[in-house]
Amino acid sequence: QKEVEQDPGPLSVPEGAIVSLNCTYSNSAFQYFMWYRQYSRKGPELLMYTYSSGNKEDGRFTAQVDKSSKYISLFIRDSQPSDSATYLCAMGEDTGKLIFGQGTTLQVKP
Amino acid sequence: DTGVSQNPRHKITKRGQNVTFRCDPISEHNRLYWYRQTLGQGPEFLTYFQNEAQLEKSRLLSDRFSAERPKGSFSTLEIQRTEQGDSAMYLCASRLEGVLSYEQYFGPGTRLTVT
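So the sequence lines, in the order shown, correspond to chains G and H. Residue 32 in the working numbering sits at position 33 of the first sequence, with consecutive numbering throughout. Just remember that the working numbering sits 3 ahead of the position in the second sequence, which is counted from 1.
Since the hints were made in silico from the structure, they are not lab data. Since this is a predicted model, take the numbers as computed values, not measurements. One should not assume that every hint holds.
Label-pair distances were calculated between CB atoms; the ranges are [to be verified]:
(1) G:Leu45 to H:Pro73: 24 to 32 Å
(2) H:Thr16 to G:Lys55: 41 to 49 Å
(3) H:Gly19 to G:Arg59: 47 to 55 Å
(4) H:Glu106 to G:Ala16: 41 to 49 Å
(5) G:Pro9 to H:Thr79: 31 to 39 Å
(6) H:Glu106 to G:Tyr38: 13 to 21 Å
(7) G:Ser39 to H:Gly19: 42 to 50 Å
(8) G:Gly15 to H:Glu81: 42 to 50 Å
(9) H:Thr16 to G:Tyr38: 41 to 49 Å
(10) H:Leu42 to G:Glu2: 16 to 24 Å
(11) H:Glu106 to G:Pro9: 24 to 32 Å
(12) H:Gln44 to G:Lys66: 22 to 30 Å
(13) H:Gly43 to G:Ser72: 18 to 26 Å
Below are the EDC-like pairs computed for lysine to aspartate or glutamate, each with C-alpha atoms no more than 16 Å apart in a straight line [to be verified]:
(14) G:Lys96 to H:Glu100
(15) H:Lys60 to H:Glu81
(16) G:Lys108 to G:Asp82
(17) G:Lys1 to H:Glu47
(18) G:Lys66 to G:Glu92
(19) H:Lys17 to H:Glu71
(20) G:Lys69 to G:Glu92
(21) H:Lys74 to H:Glu47
(22) G:Lys108 to G:Asp77
(23) G:Lys96 to H:Glu106
(24) H:Lys17 to H:Glu81
(25) G:Lys69 to G:Glu4
(26) G:Lys96 to H:Glu47
(27) G:Lys66 to G:Glu4
(28) G:Lys96 to H:Glu59
(29) G:Lys41 to G:Asp82
(30) G:Lys108 to G:Glu14
(31) G:Lys41 to H:Asp4
(32) G:Lys55 to H:Glu106
(33) H:Lys17 to H:Glu86
(34) H:Lys60 to H:Glu71
The beta carbon of each residue, even a glycine, is placed where N, CA and C say it ideally should be.
Okay, chain H solo, but in the shape it has when bound (with noise of 0.2 Å):
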């Protein structure tokens, strides 16, 4: 367990239906950020948050997209009227802003089933 927590750990929902994840990072860890993975594939950067602010947004962000992180604490993605190729491994991940400190730290991700 690396200390970052995601909810729900799976969620199956019918196409068209707008879907939120969320997660809870390393307390102390002001950067936060949010990839997606298919199978067979390595993770894809989505966005990420120094703090509240989101300071970069991927070209894979579509306007469907939004994540916000209010206060600087746990944030949320939302995916509104999804689509069968939203279909993937939500993977959050937190890190610690510091001088040559870049290690990053999974969760266990939310798994995405759009029907």
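The following block holds chain G by itself, in its conformation from the complex (with noise of 0.2 Å):
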């Protein structure tokens, strides 16, 4: 079993529509939890970065932990077609390395 799982779609939504993407994650040493949106064939850009439960929003995204259940998610307002990309979630501990999700790929259809 993988440390942390992500479904990895493709997830194909109309223009306007609510995005939810999610990730599970077995390790409970797991301190901060990341959201990284990617572009094909272009390196990872940071979206959101939560170091504990509960809610973080930034504009259109929303980022949600619940560490008792070991699930976190993304969620998307008012979808574009800009935001159509790979997503990946990311967890880690003290170190800094991160482990990543298989990454859910988005198409947002005009």
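From these two lone chains plus the hints, build me the complex, please.
Right under this line is the structure:
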């Protein structure tokens, strides 16, 4: 079993929809949680970073962490075609090394 | 542009050749990480440095791989006697170590194709 599980999709939604992306994990030692966006053949771009359970909002993006259930989510409101990309969840411990999910491919159709 | 640069962006090499990649982190960042990403997968951790010290190596980093970070600035990742299974995107990330500061910023990656 992988330490971090993420549904690879693909996920296809119409423009303006609310998108929900999720990851589960098994390692209770993970302390911080990140979401990256990656366009084809580019490096991952940091979108959201959270250190504790709860919600964090940044513009159209909301990250949610539930440590008791070992479950994290990313919500995208009013999705745009430019949001079409692969979304990677990542989590880590003190060393800083990140363990990534497989990534979910999102397509937002105009 | 995150401020992390990697060169070359794309490298094509023949099986058995040696290749070297370079990463220049964000200037004040003291931690530098290398990851490998294959098609359809998330990045996998390879190794990391704090300043010039290499603190951890993944079991993915076979003895054909070596990484250095002289003087705690840029880093190089060398693969000797490349194999077709080494074909992947090699990503570098950097971070400033500090209390509750875990954000890692990635470079654009070096795509390696071994023929």
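Results of checking the hints against the structure:
The hint said 24 to 32 Å for the Cβ distance between G:Leu45 and H:Pro73, and at roughly 27 Å that hint holds. Checked against the hint of 41 to 49 Å, the pair H:Thr16 and G:Lys55 passes, with Cβ atoms roughly 43 Å apart. At about 49 Å, the beta-carbon gap between H:Gly19 and G:Arg59 stays in the expected band of 47 to 55 Å. At roughly 28 Å, the beta carbons of H:Glu106 and G:Ala16 sit outside the given window of 41 to 49 Å.
Between G:Pro9 and H:Thr79 the beta carbon distance is about 36 Å. The supplied range of 31 to 39 Å therefore holds. As the Cβ distance of H:Glu106 to G:Tyr38 is approximately 19 Å, the hint placing it in 13 to 21 Å holds. Our hint of 42 to 50 Å for G:Ser39 and H:Gly19 is violated, since their Cβ atoms are close to 30 Å apart. For the pair G:Gly15 and H:Glu81, the supplied restraint of 42 to 50 Å holds, since their beta-carbon distance comes to about 48 Å.
Between H:Thr16 and G:Tyr38 the beta carbons are some 25 Å apart, a value that contradicts the proposed interval 41 to 49 Å. The hinted range of 16 to 24 Å is satisfied by H:Leu42 and G:Glu2, whose Cβ atoms lie roughly 21 Å apart. H:Glu106 and G:Pro9 have their C-beta atoms about 28 Å apart, which keeps the hinted 24 to 32 Å range intact. Roughly 25 Å separates the CB atoms of H:Gln44 and G:Lys66, a value that falls within the hinted 22 to 30 Å.
The hinted window of 18 to 26 Å between H:Gly43 and G:Ser72 holds, with their beta carbons roughly 22 Å apart. A hinted pair counts as satisfied when its Cα atoms are at most 16 Å apart, and G:Lys96 with H:Glu100 qualifies at roughly 12 Å. Between H:Lys60 and H:Glu81 the alpha-carbon distance is near 14 Å, which keeps this suggested pair within the 16 Å criterion. Restraint check for G:Lys108 and G:Asp82: satisfied, since their Cα atoms lie roughly 10 Å apart, inside the 16 Å limit.
The straight-line distance between the Cα atoms of G:Lys1 and H:Glu47 is roughly 12 Å, inside the 16 Å bound, and the hint therefore holds. The hinted pair formed by G:Lys66 and G:Glu92 meets the criterion: a straight-line CA distance of about 14 Å does not exceed 16 Å. Among the hinted pairs, H:Lys17 with H:Glu71 is inconsistent with the structure: their alpha-carbon atoms are about 23 Å apart, more than 16 Å. Note on G:Lys69 and G:Glu92: the hinted pairing holds, with a Cα-Cα distance of about 14 Å set against a maximum of 16 Å.
A hinted pair counts as satisfied when its Cα atoms are at most 16 Å apart, and H:Lys74 with H:Glu47 does not qualify at roughly 25 Å. Restraint check for G:Lys108 and G:Asp77: satisfied, since their Cα atoms lie roughly 12 Å apart, inside the 16 Å limit. Distance check on the hinted pair: G:Lys96 and H:Glu106 sit about 11 Å apart at the alpha-carbon level, within 16 Å; holds. A threshold of 16 Å between alpha carbons decides the hint, and for H:Lys17 with H:Glu81 the separation of about 15 Å falls inside it, so the pair holds.
At most 16 Å may separate the alpha-carbon atoms for a hinted pair to count; G:Lys69 and G:Glu4 meet this at roughly 11 Å. A threshold of 16 Å between alpha carbons decides the hint, and for G:Lys96 with H:Glu47 the separation of about 9 Å falls inside it, so the pair holds. In summary, the hint linking G:Lys66 to G:Glu4 is supported, as the alpha carbons are separated by about 15 Å, within the 16 Å threshold. Using a Cα cut-off of 16 Å, the hinted pair G:Lys96 and H:Glu59 holds, with the two alpha carbons roughly 9 Å apart.
Between the alpha carbons of G:Lys41 and G:Asp82 the distance comes to roughly 14 Å, so the proposed pair stays at or under 16 Å and holds. Taking the CA atoms of G:Lys108 and G:Glu14, the gap is near 5 Å; set against the 16 Å cutoff, the hint holds. Using a Cα cut-off of 16 Å, the hinted pair G:Lys41 and H:Asp4 holds, with the two alpha carbons roughly 11 Å apart. In summary, the hint linking G:Lys55 to H:Glu106 is supported, as the alpha carbons are separated by about 15 Å, within the 16 Å threshold.
With a C-alpha separation of about 8 Å, the suggested pairing of H:Lys17 with H:Glu86 holds against the 16 Å cut-off. For the hint pairing H:Lys60 with H:Glu71, the CA-to-CA distance comes to about 12 Å; that is within 16 Å, so the pair holds.
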